[in-house]
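Number of protein chains: 2
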Amino acid sequence: MTTIEDLKTTYRDLTMLMSALALMGWDQRTYMPDEGANHRAEAFGFIHSDFFKRATSDEVGNMISDLKSPETYGSLSFVEKSMVDKADREYRRAKAIPPELMHRYSVLSTKCEKIWETARKRDDYEMFKPHFKELLSIVKEMTRHYGYEDNPYDALVDNYEPGMTAAKIKAIIYPLRDHLVPLVEDLSRRSKDSGEISMNGHYPANLQKKLFLNVLEVMGFDFSRGRIDETAHPFTTSIGPGDIRISTKYLEHDFTIGLFGTMHECGHGMYEMGYDDEHVYTPVYGPASLGIHESQSLMFENHIGRSLPFLTYFYPKIQEIFPRRLSDISLHDFYRAVNTVRPSLIRIDADEVTYNLHIIIRFELEDAMINDRLEVDDLPAAWNEKYKQYLGIEPPSDADGVLQDVHWSSGMIGYFPTYMLGTLYSAQFYAKAMEDLPNLEEKMTDGDIQPLVDWLREKIHKPGAIYKPEELIERVTGSKPDSKYFIDYITRKFSDLYR
Amino acid sequence: MTTIEDLKTTYRDLTMLMSALALMGWDQRTYMPDEGANHRAEAFGFIHSDFFKRATSDEVGNMISDLKSPETYGSLSFVEKSMVDKADREYRRAKAIPPELMHRYSVLSTKCEKIWETARKRDDYEMFKPHFKELLSIVKEMTRHYGYEDNPYDALVDNYEPGMTAAKIKAIIYPLRDHLVPLVEDLSRRSKDSGEISMNGHYPANLQKKLFLNVLEVMGFDFSRGRIDETAHPFTTSIGPGDIRISTKYLEHDFTIGLFGTMHECGHGMYEMGYDDEHVYTPVYGPASLGIHESQSLMFENHIGRSLPFLTYFYPKIQEIFPRRLSDISLHDFYRAVNTVRPSLIRIDADEVTYNLHIIIRFELEDAMINDRLEVDDLPAAWNEKYKQYLGIEPPSDADGVLQDVHWSSGMIGYFPTYMLGTLYSAQFYAKAMEDLPNLEEKMTDGDIQPLVDWLREKIHKPGAIYKPEELIERVTGSKPDSKYFIDYITRKFSDLYR
Chain A
0 MTTIEDLKTT YRDLTMLMSA LALMGWDQRT YMPDEGANHR AEAFGFIHSD
50 FFKRATSDEV GNMISDLKSP ETYGSLSFVE KSMVDKADRE YRRAKAIPPE
100 LMHRYSVLST KCEKIWETAR KRDDYEMFKP HFKELLSIVK EMTRHYGYED
150 NPYDALVDNY EPGMTAAKIK AIIYPLRDHL VPLVEDLSRR SKDSGEISMN
200 GHYPANLQKK LFLNVLEVMG FDFSRGRIDE TAHPFTTSIG PGDIRISTKY
250 LEHDFTIGLF GTMHECGHGM YEMGYDDEHV YTPVYGPASL GIHESQSLMF
300 ENHIGRSLPF LTYFYPKIQE IFPRRLSDIS LHDFYRAVNT VRPSLIRIDA
350 DEVTYNLHII IRFELEDAMI NDRLEVDDLP AAWNEKYKQY LGIEPPSDAD
400 GVLQDVHWSS GMIGYFPTYM LGTLYSAQFY AKAMEDLPNL EEKMTDGDIQ
450 PLVDWLREKI HKPGAIYKPE ELIERVTGSK PDSKYFIDYI TRKFSDLYR
Chain B
0 MTTIEDLKTT YRDLTMLMSA LALMGWDQRT YMPDEGANHR AEAFGFIHSD
50 FFKRATSDEV GNMISDLKSP ETYGSLSFVE KSMVDKADRE YRRAKAIPPE
100 LMHRYSVLST KCEKIWETAR KRDDYEMFKP HFKELLSIVK EMTRHYGYED
150 NPYDALVDNY EPGMTAAKIK AIIYPLRDHL VPLVEDLSRR SKDSGEISMN
200 GHYPANLQKK LFLNVLEVMG FDFSRGRIDE TAHPFTTSIG PGDIRISTKY
250 LEHDFTIGLF GTMHECGHGM YEMGYDDEHV YTPVYGPASL GIHESQSLMF
300 ENHIGRSLPF LTYFYPKIQE IFPRRLSDIS LHDFYRAVNT VRPSLIRIDA
350 DEVTYNLHII IRFELEDAMI NDRLEVDDLP AAWNEKYKQY LGIEPPSDAD
400 GVLQDVHWSS GMIGYFPTYM LGTLYSAQFY AKAMEDLPNL EEKMTDGDIQ
450 PLVDWLREKI HKPGAIYKPE ELIERVTGSK PDSKYFIDYI TRKFSDLYR
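First to last, the sequence lines map onto chains A and B.
Mapping to numbering that gives the first Met the number 0: the first sequence position 5 is 4, numbers consecutive.
Mapping to numbering that gives the first Met the number 0: the second sequence position 228 is 227, numbers consecutive.
Derived from the structure by calculation, the hints contain no laboratory data.
Take these hints with a grain of salt, some might be off.
Since the list gives no way to pick out one identical chain from another, each pair is judged satisfied if it fits inside one copy or across any two copies.
[As the list claims (entries may be wrong)] Listed next, the in silico BS3-like pairs over lysine-lysine satisfying Cα-Cα at most 27 Å (straight line):
id	residue 1	residue 2
1	Lys208	Lys132
2	Lys52	Lys7
3	Lys479	Lys128
4	Lys248	Lys208
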């Protein structure tokens, strides 16, 4: 007879393989010598296919079926049911795609990503187009295998944000879009009127390192259970319980990019460090979704890091590290500089207000492409049109337009909305935390963010993937995901800023 | 029908798992956060047992039997035969020990090593004794399973040095010992008479790092195919082809320890980088033995690094990095300082002349214990007696005596001789290289060691494990392993030094 213990044993084994893969991935992006790349790809591929074989074995399938049988399932605790449900979802998703199709997808997405790199450098959409066309048709084929009710897009976004659909996203974002477009216009004019503050200068990497370690300490990052390294494209990865790794970069002309990037990854890392030990190596020891994950990174980067209360405490420490360059820049000027609202071309450089417009554009284009309302041939024109419409600017090149993100080239359609959901969730969580912790911002002014960290840990980190994202949000905040908290937050923050 | 391609496929797969284990091991000793240790042990254990299961499967056993059948074996090339023979040896060794016994060995050796750490700190042999007694009796039991002709010791040393036996070791070392004991007495007196030169000072880690990178570059270490990191106990590991990692430490009171340690690991790394690409992922893509491995590290550390020709080129560069401390120390004084002959208690701090006496002592004690001529109870007394007899000094404590090395505590009996064999092999190789490359030392004076590196690569690195160590040495030098080359080398070097 199958018991929940059997499932736990299986997941423990799978976690060990996943841990080896995570370490290989981390190493590849931090310390691996160049010539190690080919071998690494082979070794990663070998362990990954072993993982996949085990995860999709009939044995696992039968185990899950047994646990899903009404009698057995009915006897499980709530958390055990979550474990079975999550395992079931993962198994069905992994089995859904015929191996031959999955193979074509892997080969083509790897190739397409490489071509994208060159195409972007050369600003050559034509070079990218035929490969992306082919990849997109494979992705469409995959949606039929995954299955969906209304919109093939649902089959894709569900992978990153369980339970999310295109319809729900639209319900969330349309009011947001209509609110943001005029707000951006207004704020960027006011931002311009109040004068630009440039942070450019020379900030030696070793001093930035000192600063970033300092901010991580203040934010409660536990160095006995994690570390930070340098990399070209910062990321966070979990090698296993007690071993969470974040990364950053040191741009010597502007430390603020690395500083807020570090806070961002810190938030991801805090989430990974916070799962309940009781559920280690089970299916629920992990994030509820990518949107929830992003909400935690944005909590640390924006709600804490870019806030006046925190900077009131922390900016003097920054000044101590770069006294010459920063002595003439007041707290208020720094606060404004790192919260400048300005329509811009590049998503990853966008401010809190304009950021979601970048995402909405991508979502609308993805939804149109997946539903055959937009051809790959017409994508650049559609892209440029939307930038003009929503942000009032038009990309001078595809390199700074439709070719700027890696996601599509690697077949990740349906991923972008999680970034936006993260901004909405974090504002909704933060509003609730403010209610629960009346002295929150006062304490933050003294550099004490522990009450907020404790609150996040208890309410969001510990449950891990026990709840689906929507359930978790409702449980924590009392309401379903709603963009109004985000709108309230930016309205309050930025009208204060330009008062 | 089984073909050599089947064996290659199997070894390719095993190499991928081994690569994951190597990366985990490297990471554990360099960057892993403390609290990641428990999970790492689990993940390592999981992949290791998967590796072991595959390596000892009946499928592999049958494949090797088939390939060993006279008809098939007869049709193989020389290198293919070497592949089969090596696979056969590894398979038989892995299968030799009953799983229950192997499990007891693993558990006890892990425990014993932990206890040794504390026992050494507390200088408490009594604490260590009962555990080591038990471990030794397991090791003796294992020798019966491995099988041997004359001496159970042969079953152990063969694991590290294929084809080596206690009898061969004795034939090599007795003349060596009889030569070394009076030589050490003579040289250490002369060394003392010529005055001590202390290198103590303050050498900042970042400058040492610069120096070590410089020496690695001069020695031809390829940073596109390898890297160096900091660790407590320096080591070299191969993650895979094109990914060889060495490590070092920066002791701020004395850079010479790290400098020569870096050269030592560089030699190990050069060997690992030098195997013939043609045999990648096969059983012969690896070291011929630990003794041969050590011969390469000693080649770079001693025959190059501590030589007058190389230091003539390199010492001015060291002086440039530490000008204040080193301006008054001449090349000759530095050369003497890093070649001081002095009987000392600690093996890892010993000079080239006394070093082998430390090893001979360990070998004699191991041989006596394994053959029941020495009880664990009497080991410290026997140890101290031998130090008095061979080196003229007596350890004031067991911590600096019998408890100094980790090897016995982790069940590694039969390992020590490989260190000594490495010194003999390297001298024998170097003598041959001098013959083949008449300008070798002249070029070294100009910092050009490429001719020697090319020679080592072609003669020793490329063949990898195609030959057994003894065969390789005879092939390269024309003679069987012999201690006379080492005796000639130290006699010439040190009589020049004290002339």
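- Contradicted hints - numbers only: 1, 3
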